[in-house]
Each structure stands twice: as structure tokens, then as C-alpha cells.
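Build the complex: two chains, separate frames, hints provided.
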Amino acid sequence: MNILGIIASSKLGDAGDFESIATYSVGSGGSATITFSSIPATFAHLQIRAILKQSIGSGAFARFNSDTGSNYARHRLQGNGATASAAGDASQDKVLINTSQGFSDFGTIVMDILDYANTNKYKTERHLFGIDLNGSGAVGLESNLWQSTSAITQIEFISPNGGNYAEYSHFALYGIRSA
Amino acid sequence: MPITYEKIQTTTLPSATSTISFTGISGSYTDIVLVFGYKSNTTNQPTLRLTFNGTSTGFSGTQLTGNGSTDASYRNSNAAFISIARIVGTPTTVGGMATIIMNFQNYSNTTTYKTVLARASAAESGVEADVGLWANTAAITQIDITTATSNDFASGSVVTLYGIKAA
Chain A
1 MNILGIIASS KLGDAGDFES IATYSVGSGG SATITFSSIP ATFAHLQIRA
51 ILKQSIGSGA FARFNSDTGS NYARHRLQGN GATASAAGDA SQDKVLINTS
101 QGFSDFGTIV MDILDYANTN KYKTERHLFG IDLNGSGAVG LESNLWQSTS
151 AITQIEFISP NGGNYAEYSH FALYGIRSA
Chain B
1001 MPITYEKIQT TTLPSATSTI SFTGISGSYT DIVLVFGYKS NTTNQPTLRL
1051 TFNGTSTGFS GTQLTGNGST DASYRNSNAA FISIARIVGT PTTVGGMATI
1101 IMNFQNYSNT TTYKTVLARA SAAESGVEAD VGLWANTAAI TQIDITTATS
1151 NDFASGSVVT LYGIKAA
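Chains A and B are the protein sequences, given in the same order. The opening residue of the first sequence carries number 1 in our numbering; numbering runs sequentially from there. The opening residue of the second sequence carries number 1001 in our numbering; numbering runs sequentially from there.
Chain B on its own, in the form it takes in the complex (with noise of 0.2 Å):
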């Protein structure tokens, strides 16, 4: 019986850090699904910026939030790159934990263009669901994320990409 669900790579941060990249992404899957245990080295609460294949342009998302008292909605147009927990989803304090899921679907099709779901939470800032575009068709073979600020990422933090085949 084939692995339908596999680990494809998984980093724990050896110090800290603001840019987690996988690189040569092989096509050999129907989705691939990345999990982030985030441990914080910084109070910035950072919005995650997901970028694919070293471009920076053809990207924008939509954000739902709330954070135990309010509920709002966002959006990105045109922009440099996704935005994932760009309210709430991420820690507040060094040592916080959050837990980030991002699922990329038909990502090696070369007919669409790529969307990602995505999840964010931490208990110190609240929930965030996200959905992002990158208006290419081409196939992602790359995913970098990144911050604004520095050294957001604490050592410890661990970062697995899955595969999931499809019959």
C-alpha cells in the first residue's frame, strides 16, 4: 500500500531566525501541507510573509480574525506576498507558542493559479484563517517565509512540510 501522507522535510530551528525556505519542492504530489510550530524569540507578533519561487509580485489574500472580543476581516491586493497571521496568529511574548498550518493545494499544476489556506493561532493573540493567491501558474517549487523584523523565529521552533498523493 503506498504513503499517501509523507514527511518531506523537517527543520527545528537551530537559532533564531526571521526566514524558513524550502527549496526544490518535487512535483510528485497532489498537495503539500506545511505545519510550523512557532516558538517566539520576540514580542513583534509578526505577520508572516509567504512568498513562492523567489518572485515578489502576483500575490494577495483575504484574513478573518478574531481575538476573544472582536471578529474582523482584511484583505491584500496586489502585493508582494501573502500575508499570514496578519492580525492575530502569532505570539506576543518571547517564549509564546502559536500554531500555523498552511495547505497548498494542486500546487504543482501548471493550468491555475496557486491558492493557499491557512490557519494561525496562538492563545496570546487570537485565530486567524487566511486564504492567499499567487496569480501564476506556474508550478511552486519554492516557499520562503519571512517577517518584517528580525529574529522573530526562536531556536526551537520546528517546520515540517507533508506531501499528500492522490490516487
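Chain A with its partners taken away, still in its complex shape (with noise of 0.2 Å):
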């Protein structure tokens, strides 16, 4: 059985296939990172459901591994509410989520890393973003590659320009497995 970000496959309910591993609520005074550590390399993929709002309304980043040197790269699809967009970024020192609408209130991401603990390739993660303010806004896809044969271990949501998670964000990190 396999469950890749919105696919969902006709075989579902088995205990194990779909395995929540972590989770992370966002207490008041919020917080500045969300840190999924000594993730186990047991699991075929990994996938993160999240709600999250930040008090600077901006992007989110993410980075493996605390990795911060400039061995990430992304493409975007992107809309408004106005005119779709589409955008790619070389040589970043992060993962780069939503950075042209941000997170002002509550938006969602749901994010497939897929095959992360291989250790003879680079990774790949994909996800699906949203927020909507009635009257502003933006929905997207948004794929971010890092140059690293390591498996991931820690996966780290930093919120940028000294700000934080806002209180009832909430993260889930979730582990696939294969047949």
C-alpha cells in the first residue's frame, strides 16, 4: 500500500502501513522551530500534515538534517486568486515553503518525502500548500530538492525573520510503509 500526499490507494486500515510518528502543537508564546529528530529509517516515505500561522506573515522554511549550506534548489506552481505564477530557485540554504504569500492566518501544507532514508540519492519533497483570507491568498504546489545522499534524520520548520509558530499551529509528522 502506498499513500503519497492527496493519492490514496483503494487498501487502506492496515495498523503499520500509515504510522504516525510524531507531533507537534503549538503552545502560547509559540515557538520558533518545530523539530522532528531521530526520525527512523524504517519507512519506505515520510509525509507532514500541517496547520500553521506565523506572527511575521511570512514563508515557511524547512531543512534537513540542520543542513544550512546552499544544497537546496525548488520549483513553484502557484495562484493568487489572480494570475498563476511559476518560479524556480538554485543553490538555497533551506527549504522554501509558500514564500510569496506566507502563513498571515491558518493555512495547510501536505508534504511527501519520498524515499528519504536511501542513501544513494538525492531527496526530494513535494507538497501542497493553501491559505485563504477571503479576499487574499494563495494555493500551490512547490517541490524542493536537497543535494545530499544522507537519510533524513531531524526535519526542522524554522519560522523566518525571528518570528514564531503561532499558538494552534500543529504538525504531524506520519511514516509509509511498503509492501
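Honestly, the hints are just simulated from the structure, not real lab data. What you are looking at is a predicted structure, and each value in this text was computed from that prediction instead of being measured. Just to be clear, a hint being listed does not mean it is correct.
[Claimed, not checked] Listed below are the simulated DMTMM-like cross-link pairs for lysine to aspartate or glutamate, each with C-alpha atoms no more than 25 Å apart in a straight line:
no.	chain 1	residue 1	chain 2	residue 2
1	B	1007	B	1144
2	B	1007	A	93
3	B	1165	B	1144
4	A	121	A	156
5	A	121	A	67
6	B	1165	A	156
7	B	1039	B	1006
8	A	121	A	93
9	B	1165	A	67
10	B	1165	A	89
11	B	1007	B	1124
12	B	1039	B	1144
13	B	1165	A	19
14	B	1165	B	1006
15	A	121	A	167
[Claimed, not checked] Which stretches of chain A does chain B cover? Using the computed rule of at least three CB atoms under 8 Å from a CB of chain B, they are:
no.	segment
16	17 to 24
17	41 to 51
18	75 to 84
19	121 to 133
20	138 to 145
21	161 to 172
Where a beta carbon is used, it is the ideal one built from N, C-alpha and C, also for glycine.
Pasting the structure below:
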């Protein structure tokens, strides 16, 4: 069975096929970072499902294994209610998530990281994001490349510009097993 | 080991309709996911009108569309429903198929407005990504999907609601 992103198979419900690894709920006062660490290599893929709001309305960032080098690259397709646009950036120092519209109120993402524990190839994440504010907002698809063959053992979500993830932001990490 | 991704209810439409409802949705999950295997009974290519808890206020949305030649983005504000597959993403022919998947994250909390994140894909018309807002902090206990026209969903269409539990 595979459940990748918003693709669901017809066979669901077996214990352990789609497993909750860890969950982070932001409390009062907010949190500048959300860190999933010591991620076991026992799954085929990872999925992160989140609702998030930031104290400074900007995009969210993420890093794998605390790598701050310029080892990330991305492509994005998004719509802002008036126009559709596409963009790409090479040699980034982080995974970029909805950088043009930000998360000034609660938005959502569903992120998939396929073959995250494979040590023979670079890693690619993809996510669907959306935020609507009754008159503004954005929806889109983004994909980020991490040019490292290391297994991903840590994922850190970083609120940019010195801000915090607001109370009630919620991040859940799941593991997906293959047959 | 607990089951994390669980089927709540599945319905195979016994006859053509333009209304699908899930009622009495339990608040025991973290997220719910609706998967709609849409078979068309008409040539209407309808927008799916999504509402919660029987209400008709507080909805808005943003859409991103592609039809094979043009990309575009649209918005609804102060609407009576969330628009899913507003421009493309539903079939244009009788018997045409579409796959529509909606994510309702933290649907049962009573502190934040609710957001749905969806994708609709129909080879006949195109693909669409949608985000919709319900400006209401109530837990979602009922989901209704309708269209503006009659009997758009053919017999044999399959709609399944899943629940996802975080640790």
C-alpha cells in the first residue's frame, strides 16, 4: 500500500501501513522552530500534515539534518487569486514553503518526502500548500531538492524573520511503509 | 499498533445525484480526507459546492487551474460555499471520470477557522488545486457536496471519507 500526498489507494487501514511518528502542537507564546528528530529509517516515505500560522506573515522554511549549506533547489507553481505563476531557485540554504504569500493566518500544507532514508541518491520533497483569507491568499505546489545522499533523520521547520509559529499551529509527521 | 489511516465511510452512488453528504462525523481524528471517484452523468462540468455543518455563510477560496494551454488563478470571497473544481477538474462528457481529493486538517478543533486543501483532476478538462476557508471555529461534523445542476454524479461514482490520527 502507498498513500503519497493526496493520493490514496484502495487498500487502507492495515495497522502500521501509515503510522504516526510524532506530533507537535504549538502552545501559548508560540515557537520559533518545530523539530522532528531521530526519525527512524524504517519507513519507505514520510508525510507531514500541518496547519500553521506565523507571527510574522511570511513563508515557512525547513531544513533537513540541520544542513545550512546551499544544497537546496526548488520549483513552484502557485495562484494568488488573480494570476498563476511559476518560479525556481537554485543554491538555496533551506526548503522554501509558500514564500510569496506567507502564512499570516492559518494555512495548511501536505508534504511528502519519498525514499527519505535512501543513501544512494539526493532527496526530493513535494508539498501542496494553501491559505485563504477571504480576499487574499494562495494555493500551489512546490518541490524542493536536497542535494545530499544522507538519510533524512531530522526535519526542522523554521519561522523566518525572527518570528514564531503561532499557538494552535500543528505539525504531524507520519511514516508510510511499503509492502 | 493503532490504525492511523482509517476508512470512516464509503459510498457507491446507486443512482445519479448532485448531492453527497457525510453527517455525524466523529471528532476523534486529527485530519480527514475525502476521495471522490467522480463519474459524470452530464456534460455540465460542474463546480463542486462544498459546505459544512449545514451552513451557507463564511466561505471563500482560491483556485489554481491548468487546462493544457493556459494557467490561471481565481478567487471567491464572502461566498455561500467553497468552490472545488471551479474551472476545470470535472468531466465534460457523460461517462467521463475525475479524481477529486480533499484534505481537512485539524477539522475538529474549536479554536481556528477551517481550511480545506484539494486537488481535482479530469483528463477531459484539466487540473485544479484549491484552498477553501470556512471562517468558523466550529468542529466540522457534516460535509455536503452539491452542484448547481441536477444529477451530475453518475451511478457508480465512489466517495470515501478517511480519518487520520496523529499520535
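Tell me, in ascending order, the numbers of any earlier hints that this structure violates. Those not satisfied are hints 2, 9, 10, 11, 15.
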